[in-house]
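*Asks:* Could you put the whole structure together from the sequences, leaning on the hints where they help?
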Amino acid sequence: MSEILDRPTSVLPSRFGYLMGLYTENYARLARLFAPHRLEAGHYASDPGDGLQVHMHVLERHRYTLELDLSYGFVDERTGLPTPSAQLRMYTDAKQAEAWHCEPGRHLWQVLGPFPEARTVMQHRLRMNSFLNRWLEYLADQGHSIGTLQRIDETPKVRYA
Numbered sequence: 017m018s019e020i021l022d023r024p025t026s027v028l029p030s031r032f033g034y035l036m037g038l039y040t041e042n043y044a045r046l047a048r049l050f051a052p053h054r055l056e057a058g059h060y061a062s063d064p065g066d067g068l069q070v071h072m073h074v075l076e077r078h079r080y081t082l083e084l085d086l087s088y089g090f091v092d093e094r095t096g097l098p099t100p101s102a103q104l105r106m107y108t109d110a111k112q113a114e115a116w117h118c119e120p121g122r123h124l125w126q127v128l129g130p131f132p133e134a135r136t137v138m139q140h141r142l143r144m145n146s147f148l149n150r151w152l153e154y155l156a157d158q159g160h161s162i163g164t165l166q167r168i169d170e171t172p173k174v175r176y177a
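Position in the sequence shown counted from 1, then plus 16, gives you my numbering.
Treat each hint with caution, since some may be false.
[What the hints assert, rightly or not] Cβ-Cβ distance ranges computed for the label pairs, FRET-style:
1) E153 <-> V91: 23 to 29 Å
2) G159 <-> A44: 28 to 34 Å
3) A57 <-> R135: 31 to 37 Å
4) K111 <-> D157: 32 to 38 Å
5) T136 <-> D169: 40 to 46 Å
6) S146 <-> K111: 15 to 21 Å
7) G163 <-> A57: 18 to 24 Å
8) G96 <-> G37: 32 to 38 Å
9) R135 <-> D169: 41 to 47 Å
[Claimed, not checked] Derived pair list, reagent style DMTMM-like, types lysine to aspartate or glutamate, alpha-carbon separation capped at 20 Å:
10) K111 <-> E76
11) K111 <-> E153
12) K111 <-> D66
13) K111 <-> D169
Don't read these hints as lab results, they were simulated from the structure.
Glycine residues also receive a C-beta, built at the ideal position from the N, C-alpha and C atoms.
*Replies:* Shown next, in the form of structure tokens:
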């Protein structure tokens, strides 16, 4: 007990450790929810009848990596892009999923500036992946699942920059 009181930081994960934990949890939630690692590249939609259709576009499949977009079926009037949305990367060998972009139509340097400090980048990644974690939990609570996911033949008209 005295070791905990003497070194409280030894009990808490580092920011990096916490971020890696979020990646692992995001993978588990996403795999349970939609199992995108089992899907072919293409456009899918989930509609459990709550009025908020979720779109998932499996962009690319590689041996150990999967890239996909996740968004609702409505568009932001200001940007003309789906919102909320996230660009995701699943690492099937490491069992991790990261939101690597949550600002449609903008690159990371446009969000954080041309030369952000490492701390700023880490905070941004923590925010994006915390958002993804809560969003996936919300989608599961609303009834979205692999059972409500249907493949859509047409490709989505919107592509992220």
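*Asks:* State for each hint whether it applies.
*Replies:* Here is what the structure says about each hint:
For E153 and V91, the Cβ-Cβ distance of about 24 Å falls inside the hinted range of 23 to 29 Å, so the restraint holds. In this structure the hint that G159 and A44 lie 28 to 34 Å apart at CB is violated, the actual value being about 19 Å. The beta-carbon spacing between A57 and R135, approximately 36 Å, falls within the hinted interval of 31 to 37 Å. Between K111 and D157 the beta carbons are some 23 Å apart, a value that contradicts the proposed interval 32 to 38 Å.
The hinted range of 40 to 46 Å is satisfied by T136 and D169, whose Cβ atoms lie roughly 42 Å apart. S146 and K111 have their C-beta atoms about 19 Å apart, which keeps the hinted 15 to 21 Å range intact. Distance hint for G163 and A57: a CB-CB separation of about 21 Å, consistent with the stated range 18 to 24 Å. Between G96 and G37 the C-beta distance comes to about 35 Å, which sits within the given range of 32 to 38 Å.
Against the hinted window of 41 to 47 Å, the Cβ-Cβ separation of R135 and D169 comes to about 45 Å, which satisfies the hint. Straight-line distance between C-alpha atoms of K111 and E76 comes to about 17 Å, which keeps the hinted pair within the 20 Å bound. For the hint linking K111 to E153, the alpha-carbon distance of about 18 Å falls within 20 Å, and the restraint holds. Taking the CA atoms of K111 and D66, the gap is about 30 Å. The hint is violated against a cut of 20 Å.
Proposed proximity of K111 and D169 is contradicted: the alpha carbons are some 29 Å apart, above 20 Å.
This entry does not satisfy hints 2, 4, 12 and 13, going by the numbered hints stated previously.
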